[in-house]
Amino acid sequence: MAVDQNLKIELGKQGVFVTTIEELYNWGRKNSVWPMNFGLACCAIEMIATTMARYDLARFGAEVFRPSPRQADLMIISGTVTKKMAPQVVRLYNQMGEPRYVIAMGACAISGGPFKQGYNVLKGIDRYIPVDVHIPGCPPRPEALLEAFMTLQKKIDEQSLTGEGRPRHLDAEAMGEFPVPDLGEHDLEPASNKGVWDVPVVIR
Amino acid sequence: MKTVEEIKAAILAAVPGAGVTVVQNPGPAAQHSLLLDAAHAVAVAKFLRDDAELNLDFLSNVTGVDWPDKEIAEKVKVTKQVEKEVDGALTTVEETVEETRKHVQPGYLEVVYHLFSMEKKHGPVVLRMRTGNRSDQVTLPSFTPVWRSADFQEREVFDLYGVVFEGHPDLRRILMWDEFKDHPMRKDYVDPDDFEYEPTAHDEVLKRAQAHQEKVAAAMEAGQ
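Those sequence lines, one after another, are chains B and H.
Just so you know, we're using our numbering here: the first sequence kicks off at 231 and counts up by one.
Just so you know, we're using our numbering here: the second sequence kicks off at 85 and counts up by one.
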């Protein structure tokens, strides 16, 4: 139930704080998103720069990079996902506890980038795991990562705790574990996870 | 430093019976190389490393090269007996005719080694070895026991070209995964067909994306 904004401000002036559980819960969640300590290629350098004093990711409550997937909420796929690495990335994602979010950082992570036509690079990590925010760029500047982070915070803030778009940890039906692709004789098998990524229709 | 011809002479003096051929480089670099036969290659390598004058103690680079089967068309002048009408009567006349003859030059895999001397500050000396063919005779001797730095690079050549190095202590794939079957740097390698989504396809990519769409459409029709 939404509280009238003007009434809320008026009550605030009188020293009365009114909120909803949803608002309070999401406010807490969005300001303590802990990323996983994990980088794949040159984008990781920009990610590290973002955490340092000049750009200071700590301003958004995300300074604690967790070296274990069990303690992390956010996976920043920072760099080229090779086909050899893809099963490990999916496995790490599976090991993260809900609620978990994914930022695909840079051209390689979102589509394969300059290596798209290569035989050894995955054409976008969104083929295997759901991605919340995509950042283009090669590599994206720290400002772009901050923008993506703020977009993710906005997304968390707007999540309703009940109904269709509720977070996956509040949805008993939600997919918990995502199939890890096998290293096949010629390519990864399967080439994408059904239900996670459907081939977009290209209009020519 | 000695020229390739002098090195060849030194090798032949030290390793009797070794097959050494000088491969000329016609370019301005004129970096000629020595083609070794597989049977004596390790003995030759040990000589090049241990010889007091050459002292090639550093292997800087190992390269693989794939030379696929090549069809060569040659124009040959052939003298033939041709029946012709000359002045109303059939007579046999000798005539020179130009014919194109095609023959296939069998392909092979080649490994190139670049050697330097840290001690004498000279180099490079370029060595080459060739396999018998590209399918079943792909074994070459490993230089890893002679130069330790050949280890990972020979594994890479094994992974991407399929050259099997005999005497290598740990010959596994290094870049691709162990279950992988192909050799991606060979000229006849076919990439996996993951062209299902190409939003801005053009040129070669567009052709491949269209070929993929046609394949999917044909599979759909066959399924129905």
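These aren't lab readings, by the way, just hints derived from the structure by calculation.
Any given hint could be a false lead.
[Unchecked claim] Distance condition first, Cα-Cα at most 16 Å in a straight line; then the derived EDC-like pairs of lysine to aspartate or glutamate:
hint, chain 1, residue 1, chain 2, residue 2
1, B, 424, H, 263
2, B, 314, B, 415
3, B, 346, H, 277
4, B, 314, H, 262
5, H, 299, H, 272
6, H, 204, H, 134
7, B, 346, H, 288
8, B, 314, H, 203
9, B, 346, H, 280
10, H, 271, H, 135
11, H, 271, H, 155
12, B, 314, H, 266
13, H, 265, B, 412
14, H, 265, B, 303
15, B, 385, B, 286
16, H, 299, H, 280
17, B, 346, H, 275
18, H, 168, H, 155
19, B, 238, B, 253
20, H, 271, H, 158
21, H, 164, H, 179
22, H, 265, B, 415
23, H, 164, H, 153
24, B, 346, H, 171
25, H, 161, H, 178
26, H, 265, B, 419
27, B, 424, B, 401
28, B, 346, H, 169
For the pair supplied as a hint, residue 346 of chain B and residue 171 of chain H, confirm whether the alpha-carbon distance does not exceed 16 Å. Violated: residue 346 of chain B and residue 171 of chain H sit about 72 Å apart, past 16 Å.
Given the hint that residue 346 of chain B pairs with residue 277 of chain H, test it: the Cα-Cα distance must not exceed 16 Å. The hint holds at about 12 Å.
Mind checking the alpha carbons of residue 314 of chain B and residue 266 of chain H for me, to see if they're no more than 16 Å apart? 14 Å, holds
Residue 271 of chain H and residue 155 of chain H were given as a pair; does the straight-line alpha-carbon distance stay at or below 16 Å? 15 Å, holds
Sort out whether residue 303 of chain B lies within 16 Å of residue 265 of chain H, counting only the CA atoms. 37 Å, violated
Sort out whether residue 203 of chain H lies within 16 Å of residue 314 of chain B, counting only the CA atoms. 40 Å, violated
For the pair we were handed, residue 299 of chain H and residue 272 of chain H, check the Cα-Cα distance against 16 Å. 21 Å, violated
Quick one, are residue 314 of chain B and residue 415 of chain B close enough, alpha carbons at most 16 Å? 12 Å, holds
Given pair status - residue 178 of chain H, residue 161 of chain H, alpha carbons within 16 Å: 13 Å, holds
Would you check the hint for residue 271 of chain H and residue 135 of chain H, treating anything up to 16 Å between C-alpha atoms as holding? 38 Å, violated
Would the hint linking residue 424 of chain B and residue 401 of chain B be met if the CA-CA limit is 16 Å? The hint is violated at about 20 Å.
Hinted pair, alpha-carbon criterion (16 Å max): residue 299 of chain H, residue 280 of chain H. Please report holds or violated. Roughly 10 Å separates the two Cα atoms, so the pair holds.
In the structure shown, a violation is registered for the earlier hints numbered 1, 5, 8, 10, 14, 15, 18, 20, 23, 24, 27, 28, in ascending order.
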